[in-house]
Each structure stands twice: as C-alpha cells, then as structure tokens.
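Chemist: Chain by chain, the residues:
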Amino acid sequence: MKSAVVVFPGINRERDMMLALEATTGHKPVAVWHTETELPKVDLVVVPGGFSYGDYLRCGAIAARSPIMTDVRAKALKGLKVLGVCNGFQIITEAGLLPGALVRNAGLRFVCREVKLKVENNKTWFTNRVAKGAVLSCPVAHGEGNYICDADTLKRLEGDNRVVFRYAAGSNPNGAMNDIAGVMNEAGNVIGMMPHPENMIEPLHGKTDCRPLFEGLLAA
Amino acid sequence: MTAPKEPEITPELVAQHGLKPDEYAHFVGLLGRTPTFTELGICSAMWNEHCSYKSSKKWLRQLPTSGERVIQGPGENAGVIDIGDGQAIIFKMESHNHPSYIEPYQGATTGVGGILRDVFTMGARPIAALNALRFGAPDHPKTRHLVSGVVAGVGGYGNSFGVPTVAGEVNFHPRYNGNILVNAMAVGLADADKIFYSKAEGVGLPVVYLGAKTGRDGIHGATMASAEFDDKAEEKRPTVQVGDPFTEKCLLEACLELMASGAVIAIQDMGAAGLTCSAVEMGAKGDLGIELDLDKVPCRETGMTAYEMMLSESQERMLMVLRPEKEQEAEAIFRKWGLDFAVVGHTTDTLRFVIKHQGEVKADLPIKAMGDEAPEYDRPWVEPKKPAALDGSTIPAPNDLAAALLKITGSADMSSRRWVWEQYDSLIQSNTAQVPGGDAGVIRIGGKKAIAVSSDVTPRYVESDPYEGGKQAVAECWRNLSAVGAEPIAVTDNLNFGNPERPEIMGQFVMALKGIGEACRALNFPIVSGNVSLYNETNGQAILPTPTIGGVGLLSDLGKMATVRFKAAGEAILLVGGHGSHLGQSIYLREILNREDGPPPPVDLAREKTHGDFVRSLINSAQVTAVHDISDGGLASAVIEMALSSGLGVALEELSHVQLFAEDQARYVVSCKAEDAKAIISAAKAKGVTVVPLGTVTADAAVKIGSRCQVPLASLREAHEGWFPRLMA
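If you're matching them up, the sequences are chains X and Y in order. In case it helps, numbering that gives the first Met the number 0 puts the first sequence at residues 0 to 219. In case it helps, numbering that gives the first Met the number 0 puts the second sequence at residues 0 to 728.
Think of the hints as simulated: they come from the structure by calculation, not from any bench. You may find that some hints are simply not true.
[Claimed, not checked] Just a sample of chain Y residues kept apart from chain X, beta carbon distances all over 12 Å, derived: (1) D230; (2) P297; (3) T304; (4) A567; (5) E653.
[Stated by the list, open to error] Straight-line alpha carbon distances no greater than 20 Å define the calculated SDA-like cross-link-like pairs of lysine to any residue that follow: (6) Y:K335 to X:W32; (7) Y:K448 to X:H26; (8) Y:K448 to X:L203; (9) X:K206 to X:T24; (10) X:K206 to Y:S645; (11) X:K206 to Y:A567; (12) Y:K447 to X:A22; (13) Y:K335 to X:T24; (14) X:K122 to X:C148; (15) Y:K448 to X:P202; (16) X:K206 to Y:G446; (17) Y:K684 to Y:G694; (18) X:K206 to Y:G646; (19) X:K206 to Y:K447; (20) X:K206 to Y:T624; (21) Y:K448 to Y:K686; (22) Y:K335 to X:V29; (23) Y:K566 to X:G205; (24) X:K115 to Y:E517; (25) Y:K212 to X:G53; (26) Y:K686 to Y:D612; (27) Y:K448 to Y:G83; (28) X:K115 to Y:S645; (29) X:K115 to Y:G646; (30) X:K206 to Y:G558; (31) X:K206 to Y:R443; (32) X:K206 to Y:K566; (33) X:K206 to Y:D556; (34) Y:K447 to X:P202; (35) X:K206 to Y:G436; (36) X:K206 to Y:R564; (37) Y:K566 to X:L203; (38) X:K206 to X:R128.
We put the CB at the ideal spot given by N, CA and C, even for glycine.
From just these sequences and the hints, can you work out the full model?
Modeler: As structure tokens, then:
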C-alpha cells in the first residue's frame, strides 16, 4: 500500500498523517510538495489537515489551485483513492472532487474536542474494517467544518449512501447538515472528512478507535 | 522620493520617547553631540524598560540560573536544558499585556507568535504552548470582549502554526480591569548539539534579513510597554502589531531547513524594537559592530524612513549572520517558502552600530552602550508590611456546606476552563498525553519519554505577602509537575508588576524575587529564561503582582504518568501532607465570606520537597491510581475535580470546613487500591510524611462528606462546566 501526502505551505498535520499511515500500514508515505506537477505512483493520496495558505481568502481555496492539484484531480477522476482530512477535506471540496462546502462552525469558534463518529457506510476502502453503525471516538480541531450543500445534493448523498461518517446524536461540533462528518464521491474513490482519525490510533491518544480505518487501507 | 525632514530634537521630543532627562544627558555624553532623530528612536527602543531590564537587572542576577541540566540560562532568546539522549528542551515565557488590552485578538496572536519565534530561533521545533491569562472582574464591561478576543487570538495563532496548546491559567480579579495579562510560553525540542545562538562571530560577514516584509506596524511597541496606561490607552492601537501565523509556520520550516544546511552563524528574531534590538544584540554580544543599509530592507510600504524601519515591530522577521559561501543555498530555501531574503548589512570590527539610508548615515552609535552596557537602576524600595495573622479557628463554618461546595466549584476562578481550551488545538503533532484540565500538560518526545509543563502563580498570595507568594508560585508549579509523575527540571518566569518607580511596587518585586529565588534553589529548579513586564498600571492602580512561573518536568516512562481521574469504585482516597489549618487568602474566605484578608499559607520548602519526592515515588512504583495537587480551594476542590473528571463519586469521612478549605501547601490527594493504603501510610511515616485516609471512591455519582453533606456530581458538574459558557453567552 503505497501512499503520498500532499504538502502545501501552512499545512501542519502532515506529520501526524504520515506517522499514522506508517504505523498502521507499515509503509512510509511520500511527501509531495505543492509545486510538483506529477504524483508518484501510489495507491492512495492523502491531503492532510492544517491551514494551507493561512486559510486566507477561503479555506482550501488557494491550495485547490496549486500545481499538484491538477494531477490529483486528473488521477482521482481515473479512480485513484484520495482521502482529504480537515483542511484536506476543504481543499478537495474546493477542487471539485466532492460536492458541497465547509463553512464557519455554527458556534463561530474553533473547536478541538473528542466527538462520537458514527460509521454510516462500511463498504468503503477506508471503513471496511469497522461495523456499519459503529460509533468511534475521534477528535475534531477546526473552525470551519460546517458541511453544507443544496437540497438535491443532500438527497443524493443520503440516497446513494455516500455519507460515510456522521456525528452521533448530540456530538455535532459545527452545525453540519444532517450531522455530516464525512462524505464520498459517486465513484467511491474520494473520501473527505472533518475529524482527525490520525490522532486516535494509539494508547497515548487515549483510545485507538480509528486504527481500524487505516488498517482497512491494506485490505482495500 | 525624498524622505520628510526629520524633526528637531527638543526636550518634549525626548520626553515623548520615554527617556528621562538624565538618561538623555548620558546618551548625549556617549555621542559627544546631539543625536539624530533616528538615533533618538534607537536609544528609546533599547533603553526602555521592556528591552533593557534597567529596573530589574540587579535583582534578576540574584536568581539561581545554573544547574547540571542547564545548557543555556537567561540572556538568549530562550533557555536550554539537557534532557539526556542528546536532546534539549528550549523554552521561555513572555508577556504581551499592553497590546492585548488595546487590541485583544492581535495582541494575543503576536504574543504567541513572538514566543514561538524565540524558541525556533534557537533551532527547536515548538512542541507545546501554554498561556497564563488574567482578566478583570467578570462583570466589568470590557471583560467579555477581552476574554473573547484574547482566547480567539491565542487559538488563532497556535492552531494555524501547528503547536499543541496543552496547559495554562485563566483568572479574574478587578485589579486587572484596566490592565489584563497575557503571558505566553512555548516549549521546543532540539538536538543538544545543534542549538543556535544570537552572538555574532566574524568580521565582514553578511547580515541577512529573513521572513516577512517591514511595515509601519508596531512602531514604539516596546516603549508603549514601558509606560503606564491612562484612559486614552486605546489611542495607542497603532502600536499593536498584526500577526500572520501562516508566514510564521513557513518561517519555522525555512529556518529549520536552513539551520540543517550549516549556513547559520548567529540568528536572532525581531521581536520588541524589531531590527534595532536584534542587530544591536547580535553585535554587542559578539563584540562586533554592525552596519546596515536600509535601502536593502524589504518593505511593505513605500517611503518608510530610517526611523520607521528601525522601530517597526512587524512580525515574523529574523536577522541572521550567514556563512558567505552558503548564501545562495540559504536564499533558495527562503524563496521556496515564499519568504523574503535580503543581505542588509555586514559585521564590522568598529563596535559601532551604523545605519545608512539613501546615501546618508542616519545613525552611528556605540553598540555596547546601546546593548549590554545600557543604564541600570537600583530603584528605591520598601518592604511590604506583613499581613496580620488569621486564626483559622475564628473563621466561621458555612451555613450550608453543600451550597458552599457548589458555589466554590462554580466560581469565576474555580470553574472549568473548557470553554477556553476547546478553542485551542491541543492534539496536533500526535504526542499529547495530557490535555488541559489536569495538573500539567504532558507531551511525548519520542519512545517512552515525555515532558510535563505547567504555569502557576497565585497573585492574591503575592499581593498579601510577596515573599511567601513568590515561593508559593514556584512550589505550586513544582508540585503540579510532580503530580503527573515528572521530575521538575527548570523554569521560566514572567514577572508582571506595576510601576517600579513607586517604592512599594519595587518592594513587591524585590521580595517576590527573593521568594522565587529561594524556592528555586531549594527545589533544584533553576530559572533559565524569563521576561519582566513592569508599568502594569492604569490611572495609578497597579495589577496584583503576578510573577508567573512556567515549569518543565521530565517523565522517563510515559506508561507511569499519573492523572487526576479516579479509576475505580472501592479505591481508597488518601491525603498526602496531612490536614491544613490556613484559611488566610483562601478561596473559601473570598467566595463564601467575601473577605480577602490574612496571610497566604506559608511555604516550607523542605517539606514541599520531601512530600513531592514521596508522591513521585508512589507514581513511579505504580502504587497510586490518581494524583492531584492541593491548591486553590483546598482539599475540597481537589477531591471534587478528581470526582468530576472520572464520573465516580466519593464518600469522605467527617471533615471540618477548615480541613476542607485550608490551602496549606505541600499537599496532594491520591487514590490507591484499598488493600495498598496501609502500606503507603506506613512507608510515608518512615519518610516523615503524614498521610491521612480520607475515604473511598464510590459508584454512586455524589460527593458525600460525613453523614450530613451530600452533593450530586451532576449538580457539581453543572456548576463547574456552566460558569464560563454563561459568562460568554
């Protein structure tokens, strides 16, 4: 399972993500700088969390137009697996790989806390090791994670079972529509989520609830 | 474009620059002529209290700053301690009080940014941040605005930069109504043999400007920080800088990459007094002159004068002396990160600080006299009066103990700070072992090793008795680190006081430092860095004296780390250090009886050490299941916090209000398996430590004291968690 982690200026959870990928899959991911124009040959591309370009202008907007994103988009359309976490979710959404948008938290403040994450679809390459309906503890750390989309899109996301993760009842930290925490594209190869599974994989993190997600990458 | 004509030097202009007539006369004497406008600006920037420590130096010298682990004590960008295995911890705390009062969001962000820069300038990657915040009365009309802005600012910078914020303090008191305190601390990790210093070496070497461009923001920030406030404080808004955490994150990565390349001889961040202070420090420390050509300085605005450029406090900038053969490689690294890189001058052997701009010499000053030989004062001081003793037995019991427990638990200073710390990313970097809410933040530094960090001071104690209060601040920090199982190794101090020209304020400063020094010596807890913030007054009203102590401790085995959370019903609860009797300056006195009198609890440092070492030995031998130090609120608050964090109840034996609320020092609450309690008590006895059984952890979600008092955990939780969100709603 070869993976690449795309790094933009201002991204700051790339180390967390690389450590998690290596610890769980046994393979060290390749870091790819944003000015590159071609991805190395990998099975998975991760766009990690942080504050690319300081989140100035609009979260993810500048990074989505970086040179490397042209190749990420092209390969995603051909079926390459792409995972976007937090700022990465915002970036790949801005890049048009996922529908909807992430806007300011309903509470207007940055929120770092552990939430309960319900796995709504376990037939994906990232959730195949967990039971449908399983509730995982997972931290969030964001100021703009409030998922919104138009009514038709929402209907299709729900109808096609493309809501991969949902905040469990009472656990929604940002006001996201239908408690949506993570979604996938129609083809199922692109997944974006606001919470940080990479920060919940070893005993030090308090729980290891999200380790099976990464371990699932090996099976996919 | 020609620069506007520089103003003539008049006594009024000198006074506006914060220089006293005798200081100005001394300056003129050094030059042998009238200074230029730019020179006057440079002098005011270097000789103000904030940069020169002229009132405090004499007393700071008396603090213990060395120890077997100390690699670098005060005087550099930050202190450096050896933690074995070739690793070093670099840390410092610094205040950003005045700017944060005027413009809370930007004041706080630039405070955080400045301290992070101090740490990574020395070659360390920041791995933890803390902040100690003091606000005015909760019902003061400005308080909510200030809390909201400062907390958002601390989070806004640290979260974006990517450092976990894992500990800190937030307190309220009317004495901070017109002058809040924002003390930010950063901790970094580096290889012990790859530390970078600010001392320039070698003549004729390039002086390089790195980072963001220079603008007109923050001009005279350091001078502003060296004067009292009045009702027109808000007019000083233009002296507050604007933070850009994105640029700082890029600057961090670029600097670490550059340092790894071997190009750096000396490096200094541009903090207070920007280009002036950084250049003077690098030259003065290395016994070298510096010549700068301001035409080369990257500017954000056109038409900036030499005066403006030298005094700008634009953020996210660094100055460096570079190996000339590595110049191209260095520039490429900075270009990659989208940052400015410009050779703006060179080192000389003249010991002069020479500033050229548009073909003219704008300043030519003796560099040593500007820097390490700046004026120093021995300000008059009077020893504060000791408060009258307070006999604990004369303090009445509460009419309703349950109500008193709820009131204290839900009071401004004792309630949960969750509203605050949930706005800080405490988890980034994947190494956080303890988030805020316990005794100390804990961060893994590879393998089983970890560091613990805590910041502490009890300003009402220091106000009442600066000497005992100074000792207590150190003791509490040492205790908090011990309570998670860490060996406390070194501290940074952030000394916030009023106007040092008033002998009674100077007296507070002198006596608090005496206490701090004595405690650090007794606990083998050297001070390796720090910051002094004086003139914290508005309209003649000084803040409570607040010498914040930031401590770092080392855990060799993370697996043994202790937490405040009870683990299982049926376990025994023990009090290490015996029952207390001191209610002077206690939370009980203030919250229940509306009194703020009496002396603070005295600190017996030998006892503190014995008890702390004993608790650490219990943690290391896995004999205890939870540990919490006793401080504000006494035994009652300690036990309630342990219960709340676990969701388990307690059944305590009958305890008097003095026993419950006394804030005597050197004490801890621990829990252990019921069958182990006896052995712990007898082991303690052999070491001269009193350990008293208090009761049992229960499954019934209530705090029971004796037969008459029972408070449901749900009510305590509502009080504890509810206060802050209600204030800010």
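Chemist: Measure nothing beyond the straight line between the CA atoms of K447 of chain Y and P202 of chain X; if it is 20 Å or shorter, mark the hint as holding.
Modeler: holds (12 Å)
Chemist: Given the hint that K206 of chain X pairs with S645 of chain Y, does the C-alpha gap stay at or below 20 Å?
Modeler: This hinted pair holds, its Cα atoms lying about 16 Å apart.
Chemist: Compare the distance between the alpha carbons of K206 of chain X and G446 of chain Y with 20 Å, and conclude whether the hinted pair is satisfied.
Modeler: Given that 20 Å is the threshold and the Cα spacing comes to 18 Å, the pair holds.
Chemist: Checking one constraint from the list: CA of K447 of chain Y to CA of A22 of chain X, max 20 Å. Satisfied?
Modeler: With a Cα-Cα distance of about 16 Å, the restraint between K447 of chain Y and A22 of chain X holds, given a limit of 20 Å.
Chemist: Given the hinted pair K206 of chain X and R564 of chain Y, is their Cα-Cα distance within 20 Å?
Modeler: holds (16 Å)
Chemist: Just checking, P297 of chain Y versus chain X, shortest CB gap more than 12 Å?
Modeler: Holds, since 18 Å exceeds 12 Å.
Chemist: Holds or violated: are the alpha carbons of K206 of chain X and R128 of chain X at most 20 Å from each other?
Modeler: Holds, at about 17 Å.
Chemist: Between K335 of chain Y and W32 of chain X, does the CA-CA distance stay at or below 20 Å?
Modeler: holds (10 Å)
Chemist: Holds or violated: K206 of chain X with G436 of chain Y, Cα cutoff 20 Å?
Modeler: holds (18 Å)
Chemist: Next pair to validate is K448 of chain Y with P202 of chain X; report whether the Cα-Cα distance is within 20 Å.
Modeler: Answer holds: K448 of chain Y to P202 of chain X is near 15 Å, not above 20 Å.
Chemist: Does D230 of chain Y really sit off the interface, with its C-beta more than 12 Å from all C-beta atoms of chain X?
Modeler: At roughly 31 Å from the nearest Cβ of chain X, D230 of chain Y sits farther out than 12 Å, so the non-interface label holds.
Chemist: Hint check: K206 of chain X vs G646 of chain Y, CA-CA at most 20 Å. Holds or violated?
Modeler: holds (18 Å)
The structure is inconsistent with the numbered hints 7, 13, 14, 21 and 24, although it conforms to all the rest.
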